[in-house]
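In case you want the letters, here they are:
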Amino acid sequence: MDNREVVLRLSDITMQFGGVVAVDNLNLVVHKNEIVGLIGPNGAGKTTAFNCITGVYEPTNGSVEINGKVVIENHPQGKMKDAYKGRNAGKYTKAITMLPDKVTKLGVARTFQNIRLFKGMTVMENVMVAMHMNQTESVFGATFRSKKARAEEAAMRAEAEELLRKVDLYENRNDLATSLPYGKQRHLEIARALATHPSILLLDEPAAGMNPQESDDLMKFIGRIRDEFDLSILMIEHHMQVIMGICEHIYVLNYGGQIADGTAAEIQANPAVIEAYLGGDE
Amino acid sequence: MKKILVLVLSLMLAMLALAGCGGGGDSGSGGGDTVKIGVFEPASGDNGAGGKQETLGIEYANKMTPTVTIGDKEYNVELVKVDNESDNSKAVTAAQNLVSQNVSIVLGSYGSGVSIAAADVFADAGMPAIGVTCTNPQVTADCEQYFRICFLDPFQGTVLANYASDSGCKKAYCLSKLGDDYSVGLVNYFVEAFKANGGEVVEEQFPDKNSDFTSYVANAKNKGCDVFFAPVSTEAAALIIDQAEAQDLGMPILAGDTWDSNVITEAAKGKSVDITVTTFYQEGGNPEFDEGIKAWMEEDSTAMTNNGGNTDLAAVTAMGYDAYYVALEAMKAAGSTDPADILAALPSLKVSGLVCGDVSFNETGDANKTEAFVKKCNTETGAWEFVKTQSAE
Amino acid sequence: MLHTWLPYILAGIAVGGQYALIAIGYTMVYGILRLINFAHGDVFMWSGLIMVYLITVLPLWVSVILVIIFAIVLGTTIEKVAYRPLRSAPRMSIMISAIGVSYLLQNFALYITGGLTKTYPEIGFLQKTVKIGSATTKMVTVITPVLTIVLVFLLVMLIKHTKIGMAMRAVSRDFETSSLMGIDINRVITVTFVIGCALAAIGSVLYFSNYTGINPMSGAMPGLKAFVAAVFGGIGSVPGAVVGAFVIGICENLIKGAGWTTFSDAFTFVLLIVILMVKPTGLFGEKNIDKV
Amino acid sequence: METTLNKKTKSALSVAAIALFLVFVYFGDIMISPGSSWKMLITVIEKGSIYALVAASMNLLNGFTGLFSLGQAGFMLIGAYTYAIFTIPAASHEAVYQYFDGGAIQWSIVETLEGSLGVFGHYLGMLIPMLGAGLLVAVIAFLIGIPVLRLKSDYLAIATLGFAEILRAFFQWNTLGPVTNGSNVLRKYTTYGNAIFPVLISGLCIAVILLLINSTYGRAFRAIRDDEIAAEAMGISLFKHKEISFVISSFFAGISGALLAMFQTTINATPFNTVMTYEILLIVVIGGIGSITGSIIGAFLFTAASEWWLRGLDAGRWLGISGSFMRPGFRKVVFAVLIMLIVLFYSRGIMGDKEFSWEKFISGLKNLPANLKAWPSRRKAKAAARRSVRAANAAAKNRAREAKASNEARIASGEALFTPLEVSDTVVVFDKEGK
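Quick mapping for you: the protein sequence lines, in order, are chains C, W, H and E. Numbering of the first sequence is given in the numbering used here, commencing with residue 1 and proceeding in unit increments. Numbering of the second sequence is given in the numbering used here, commencing with residue 1 and proceeding in unit increments. Numbering of the third sequence is given in the numbering used here, commencing with residue 1 and proceeding in unit increments. Numbering of the fourth sequence is given in the numbering used here, commencing with residue 1 and proceeding in unit increments.
Treat the hints as calculated values from the structure; they're not laboratory data. Where a beta carbon is used, it is the ideal one built from N, C-alpha and C, also for glycine. Check each hint, because a few of them may be wrong.
[What the hints assert, rightly or not] Covered stretches of chain W (chain H as the covering partner; in silico rule of three or more C-beta atoms under 8 Å from a C-beta of chain H):
#1 104-112
#2 214-223
#3 298-308
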């Protein structure tokens, strides 16, 4: 079928909170340089799936594979053993967890649905913070400004400036992040994610709150960064024209379950999807 | 931002103004006819009650004798009071505050810890200080400037231990407060002497802010002790007495000078407890003083409040009264209001006619006292009854 | 065996019941506002102090009622003045405000009392000595646990079966949504403070009848311990707080009985840290999931 | 009237100001006679500088890393004891450890080094145990941090407070008496001779804290403070950075504890209680959470006000006002009321989260008269502005809510499928949590 390299693979990811199954056996693949969309009505479990990938939540069952390596895996344990409502309970045996910062270090960066910029910092600092994880100098050296620390800081600054130029935020680099207009905040959040040198970028509703013109620009922007930074992108979005316009493959969730996947055209024609959005007879 | 600046600047101005006021006071006292005596006592914290009673004695003495003739010049005596909050960390700045107000001599404090903490400040300033009821030996041990008019813990601890042994007690329960040098020190000397007398002891400590003494009383009963020694602050004392009554302690309670206070008699009144204390002063020992100070308290409602709401005398009040006169005598003997001269005059000073007995100092600066009064609480009348005088031998 | 330990257990149960009455105030306020109301222990101390002054001029039952009213007024005033304006401020500010109020209440008490310990008035039947088995104790020791359990039962009924109780549960579950659903948040919070403070006032009558000295710092330790009890039982849970309070009261006294008196207070904090490590949600607490 | 200065001028100004201050402190301590009320100024500077250090260390934790920790007094306690225990002269052991047969440690670092190195050894002998105090506290903080730092805000506060209380009981434990002297005071240990010592040490330590805050690690701390989840998503290890901040903050708390021991000349575990932690916290709040300059100003103001300026309120006479209501304790009431006013109406503190800058200082001075004149009208304008912002916020919130609801309705009805939704750009502007 597709012989491109797989960078992210979710296998049977299930997330159950108490008795509520938020994500039910999600199977999803993102190939290298692919833009994949994840859609579904509100409460379908899209953001929860993101949180499972990035280590914010521990999935109840299933595994996450990044660049060919299983980095997160879980199976129902403890109280969940009896309460588990999903399928494939016996399929996974290991319990591998990973903290969000480790996931980021593996090359998975994300943005947030409700913009989470560092409020007390400037645009420049927001980007530079994201580069901190690659710093090798110790606290001691950094505090007393060793030669290495100064070199690293200078390199960071140079890189951040370049990045900001690319996302058209250079002019605003010394402004407080929260003082930016809304659309630019979205851009900054993406720039900040890019600063972690990701191979996969997870975008959570990047076009939320944008007018058609802005979302059009965003679409182009996403395509551009994919090429420029050699990325794979997985995005959640409600703006159908954005999704339909740039995603090569689309997954549809409803009530946690995966109801369809395919290309834009396939999805638009899929009766299950239309039912999910329009509501069935029940 | 500018608002901040305004704030900072105005505060700076305020500081200057205040410092200026203080400075003005200095020049007044230097050439004028006022001599200042510093009163370094707690008015709050654990020892607030005791500190206030001690201050009361000083105030009464000041009222009785508001002037002093030094050389051939008559001075008005002004008391400069500062609250050391019964807290070692506040004591240093409080002492510094006194020193910076140009006092000639300092009296206090109730509670040994704060006195030890302040000793270095007084030493640095060459300021003579007279401890009134701080009984820990460390107060005067390494401080040339510190003198005191009361007996010491080694003495008092031995006296109490001897009294206990004499009354036939074999096993003593000793309770002290964590972090309180007074009770810990006194218990230590008591234990030493009591063991030397062939007795057995159980030692326990209670933490700061504790008000639940149920278990301590129960421990004393369970361990089969026959005397309960608790030389703690009056605050804790009232609670202990209460629990002793509630649990039917069934053994005498023994304590040191802090318990010679109306707080204790109030708490014990109408209860079936047996309380014995050693103290500096026997109420009724000097009827004139007794009546005078009681009349004063009747008149002055603040004084009455500070004494805990009635006119029963505490030993520390009498000691405070004495301390004031010792200070006056020292100034007379020095013939000057200069702290250095007073300091020089103190070692050879002998004062008689005081209500708690004559005062003279030994080489470490401690009063030569060989006897303590033993008193017992009459729980029916709520008054102290004299038992005997006891010495350390 | 029992013969030696009975007095400690009795004392523990009594003090546990008193902690429980304070702990309810902490746990309910925390459940709804996510705020450690550091001033609660001081409201408790002030209730005791007011009683000392009231009893000199009024009969006992009037004084008790007035003390409860006073505690309620004080508590709700604190909420209105010091917490409500900061409700949308960062969590640290409101906690600092709570610490500030506590500092103010203590210092004001220090000023009023002049730092002297006040003796709590004698409430005849509470302080009567009774004999239980081998132990002698005060009547209040026996009354406290009974009264505590009755009050807690009533409170649980109130929370489960009344409209305001339902509103309280809703608010503690989801503050934002409840306010959007038309629940009058301010009213719920006020009622929470009213209940918490009234119970603290009753607790103060029992506590100070047992330990009869009140000084400005008297509320600090019981307050902290009651808070630990609330955490132990699972913050937000009323029965949890009560169980926690009894556990702390009994353990504390047993530890003293075992001769580890130096660490009787420290023990409470060890327990706190252990429970936070092992089961941060406490015995009966529910897990909260942060929304991302 | 904006003032701009180049870097050189600013450094020169700073160096000059600091040098002037140090000279003033040094000679002030020597020249001012103990009887003068100006001596109190020196005492306040000494104690203020020690509190400034501990407040700055607490600010690093609370203001820059967003960790609400209340263990500062406990860490100062360890620092103070460590310093004191190792610098009590051999000859004084008998007197100090009077109930413990002279104690377990019978030597003093100061004396040992003084013997071989003279005056230099004396100061080295003071610095080594001070550094040791800091390091020991850092190690203990590291161990405490492992379990505690995983807790969320207020649980963290109460757990650190609990640890501080446990430490206090531990240090008063009679069994450890030969080392800690149990409940009794430690004294006679080496102290500094001139007020410049604590000022210099605190100054250096605060400078290090400032350097740290402005390093990449400091940036990571602030990221954690602003948004833990986002910081973690940016590859910042929460635990590692919280530990670093906690350990470094505790290190400096330990140093300030050692300095406090020297200032007090005697120490005892009792005063290192929660009240002390609260006082330090209030200093941080008064100065401004997130401003080191603020902590320094706050520390001096707090110390001066509580130990000096307001003392008259207790004595019945203050600034010419007198009355019987001014009896002992009144000072603390006034003080507590002042603090509450700051917390409620001026919650950003003196400096907010800004640091001192010469530009602002100079332009502030220049504009001072004009600003003073314009103050009342500006305050009115500000209040009006605040009101209008509040109203606008409320209205926008409503609009956002309506837009969201209508969008949801449209999604539900299927109308929106494949067609763009109507969007209100105010949806995300509001964030309840603040920082």
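Hints and how they fare:
1. 104-112: violated (count 0)
2. 214-223: holds (count 7)
3. 298-308: holds (count 3)
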